[in-house]
Amino acid sequence: MPSIAQTIEGKRVDNHRPWPRMTVTPDAWRRAAGELAAGRATLLGLWGDADAAPLVHMALADAAAGEILVASLACPDRKFPSVGALHPPAIRLERAVRSLYGYEPVSAPDVRPWLDLGFWNVQHPLGARSAPPPAPPAYDFLPVEGDALHQIPVGPVHAGIIEPGHFRFTASGETVVRLEQRLGYVHKGIESLMTGASLELAAKLAARTSGDSTVAYGIAFAHAVEAALRIDAPPRARYLRALMAELERLANHLGDIGAICNDASFSIMHAHCGILREHVLRAAAASFGHRLMMDRVIPGGVTADLDPDGATHIRNALQQVRRRLPQLIDLYDNTASLQDRTVGTGIVRAEWARQFGAGGFVGRASGRIFDARKTPGYAPYDGLDFSVPIFAEGDVNARVWVRIREVEQSVSLVEQIIRRMQDGPTTVAIEGGAGEGLGFAEAFRGDVLAWVRIEGGKIARCHLRDPSWFQWPLLEAAIEGNIVADFPLCNKSFNCSYSGHDL
Amino acid sequence: MRRMLFEGLARRPLTEKPPAADDTALAELAASLDRTARRRLGRSLAIREVDAGSCNGCELEIHALNNAFYDLERFGLRFVASPRHADVLLVTGPVTKNMREALERTHRATPDPKWVVALGDCAADGGIFAGSYAVAGGVSSVVPVDLHIRGCPPTPETILKGLISLLQPANEQGDPLHLSPPRGER
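Listed in order, the protein sequences are those of chains A and B.
Under the numbering used here, the first residue of the first sequence is numbered 1, with each subsequent residue one higher.
Under the numbering used here, the first residue of the second sequence is numbered 1, with each subsequent residue one higher.
Hint data in this document are derived by calculation from the structure and do not stem from the laboratory.
Hints may contain errors.
If you want the footprint, here are the derived chain B segments under chain A, 3+ residues with CB under 8 Å [stated by the list, open to error]: (1) 58-65; (2) 76-87; (3) 92-103; (4) 115-121; (5) 125-134; (6) 150-158.
Please read all numbers here as calculations on a predicted model, not as lab measurements.
Every residue, glycine too, gets a C-beta built ideally from N, C-alpha and C.
Next comes chain B alone, as it looks inside the complex (with noise of 0.2 Å):
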């Protein structure tokens, strides 16, 4: 082991500079919020994930943004275990019938302020299940949505351009990132 943490040290990161974020997601978040509320959420996000009826397709994809090309944890974006840690809700999937009331009760469970993004084509709107028995719809049918970021399933890229929307401070062009020298200097 020792060996491979050395060999480590000399290679040269695999993480990959961040993406710019998505034009859409800021247009969406405007809309959706309050400038308050956009203020607190360009810090430091706690997010809990929730599978409300995915073909778990897009769980690999949010996986993927763990690994050292994506490097989720250097924006301050982390996942936690429990909603009652969580200011974001990540959901994916159309809601199922079965898990309409376990998605309202995490919604619930996570304290205040919150956001929810719905992440995939079938968070958005159902997808290419709605319409079924047993499908409650896209996410907005049952908690109310701040961000949706499409694909079936988005890239880990586009995940990571949505969620970098959410740090990007109201009426702000800066670096979202807040890596740019302070106003002042530029």
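So here's chain A without its partners, still in its complex pose (with noise of 0.2 Å):
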């Protein structure tokens, strides 16, 4: 069978690693979207471009070859075809292109703005900026018809500790006929924040894009900048990035199965999760001098070394979990009332999870076992001994399972790094340059992708993709039949990025 790159053809660009970059044509940006609807490859992610030219980039990935490749469109004239007319996965991202840039996807299925809430007081900033029009056209919400349907809109501002979004449910009495959402509101420009930063301010933007996964997208962007540059960061600081990254999958997963657990009103969970969450933060700030772990990873390598006590505090909190999950796991699993709020809640089919590409519990609880530990795999992870839980119902249930599954794995993983992890520098030197990389990183919620050109020891440009992009769309699937109520649970099970979706 053709590569990806067969089959799309174009023509290669120096200074751009580790996977090759194609400036391709029409035709061909076509054919590689009639590769993605086709189901042959995986869309990472699409974003626009304002180097000399406008431009759009194209990610896409043939899961089972491991072929990772950039494709990339000129377009002079502002236009370019519209992947999302064959492949419903990159609707958003080419709304988003628009809004930001200017540029029109050419029969796009949906021309509506995203991010863009009509506030800016600019339109197109990332593009050629111009005024607004004076009065935004109010947002048209998709029309819904029928008999007794009625609409509840939800958010911006929520009822719980949450990040701002508005849901728009329409519903027949109870059941949910259609959730659409719109998000946008806590977009804070990061792309056009970094662009002509150096590589420390723009490292503490990635770090601040999603604050829950603040160590998964400082690996995620240090790998780009670490590939465009040719540079490698130390083992030892490997090692103490991986080590951060599994703390911060643990608190998040232990954090996340008792909030689920809490929307279905069941607290006692609630209580013990967080409990054992604060353990491995409180091992996280004695280990590495902050709770969530923030600006300790940095292109070059990590910031902050292992506490002498580090390894001590960490074990200690790690005996916690041991000793009191499997507690928590049978009572989770022998409590009927609990179990009949997630059992077959919120299903995500296995072929929207593919489709979508969908990564983290959402996708592993439907099938889709993609992890970036593994695939496309990155040091330390590749000499470390650990599985991707994975399963098939695709409800509520399964994406618990996938975290409690995946909480048992970080235990281990952690156990590794401490004793592999040999004594040696944390860091090397940066010194300017220039160049293109790519770079993914597993966070708890899914693969963060970073893309950077540097310039002169700069950030030119940068795209942050947070896994939610790919997520969100599905939440709107799965809710489809469900109960109005059932709503918070669905939500929390996915527990989709807003910041990090927003940027």
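Fit chain to chain and form the complex, with the hints in mind.
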């Protein structure tokens, strides 16, 4: 079978690492969209660029062969053939490109703005900026027709301590007929702040793209920069990054398991999982000086080595998890009233997870095994022993079980890392340079993609793609036919990032 | 479940000693509020959290206040689901332009008397996101702020210290938690 690069064809660009980037013709761009639509490739990201001339980039993977590729299309007239017309997962990405850059995806199925809610006082902030229309047209939610339907608008300010977003439910009685999301409320303009930023500042911005995945974002960004500048972080730094990443995963998964149960009004799980989460965060603070380990990962290495007593703190926290978690799993699994809420609720079909390339627990609960730590893989995970749990049911319960199994895997990974880590330097100096790089990291909720173009040691363009881009749309599909009261439960089981998505 | 509940009774509570009120916070409150307002404040407070653009790091640490170690509710502080039930708005994030109107409307929906706490470095002045086309600035550029709690994100202990300052009655150096004996018995 020909590789994606052979099928699409294009001119390879120098200076893009570690995977190739090709400039392609509009026909080749359409062929790439065809490969995605046919299921022979998975969309990893699609973003705009305003280098010397308008450009759109699309990252794709052939998951089976491990081939990764960036296709770039020049669009001098600010138009490009819509990928979303053939492959729905690209729709929101293209809407964002249109809002941020003003490039038009031709024959796109949805031409409404995305992220731009009409408050910026500027149009196309990353492209050719212009004044917005004096009165932006009202946003058209998708029409819903039928007897006895009612709508429930929720947000952006929600009832809990949660990020802002708008959900428009259409219900027939208690049953959700359609959910439509409108996001962008926490859009901070991260990509515009990145442009021209020093690597140091850019790393801080990356670390604040989604606070719950700050370590993973740090790693993805560092991978991209290190690839662009042809440098390697020292082995000890790689181990320390993985150690922090697994602590982050543990803390988030433990928090989520409890929070999902709490949304089914089963608060004892929440209370106990909250205690375990706190143990992990305190161990992180004692080991690395920050509970969330923010700003500890930088291009070239890490800023904090493990405190001399860190290993002991971490082992004690793991001991707590190992001792208490089995009891909690037992409680979760044997409480009929709780199982009644989670089993069979909010089903994501396997074909949707595959089509959207959904990562993390959303994908793995629906049979998609992708994990960036395995494919494309990065150090030190290639030398560590762990498995990626997978379930077929695709319901809230399966997403809980993926987390439970991943907690077990992370506990083992942390132990392996502490055991294997050798002394050595934790950073390597970075001296200016230029180049383009693509990097990945597996956050607790899925794979983060980072793409950078560096010129004269500064960021010329950086794009960060949160796993949530390919999970949010599936939540709309999963809730259909469920009752309104089960939405919080479904939403928490997805736990998508608003900030990571909105940028 | 029964076994777990019994075990819980036998175990020592995890809840930790409350930290003292934060001096900087007390000074800021003394400057921003008159005595009448402070007297009203020194009781139980209902808090409505509003994420006006944060990276969600602050939210994680606010959540932690409800865990067994910090147990916020023992101080008479609790989170409520609607601004209409709230005394305090706890606002995080640089206020994005996309959230400005929602924050203003939430503020208007909160009955008087009300107080606003800006939580985190971004909420103070926009932090690392200041200057972006999409960011309005710190919380005080949109609604009046009575207290700032700094940090990126502030630890639960720092947040607790700040919130406890809200409970400290005006011009009294006493125990903000009203746990000490009445004045005459001191």
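Status of the hints after comparison with the structure:
1. 58-65: Satisfied; 7 residues make the cut.
2. 76-87: holds (count 4)
3. 92-103: holds (count 9)
4. 115-121: It is violated: at least three residues are needed, and the region 115-121 of chain B offers just 0 whose Cβ sits closer than 8 Å to chain A.
5. 125-134: holds (count 6)
6. 150-158: holds (count 3)
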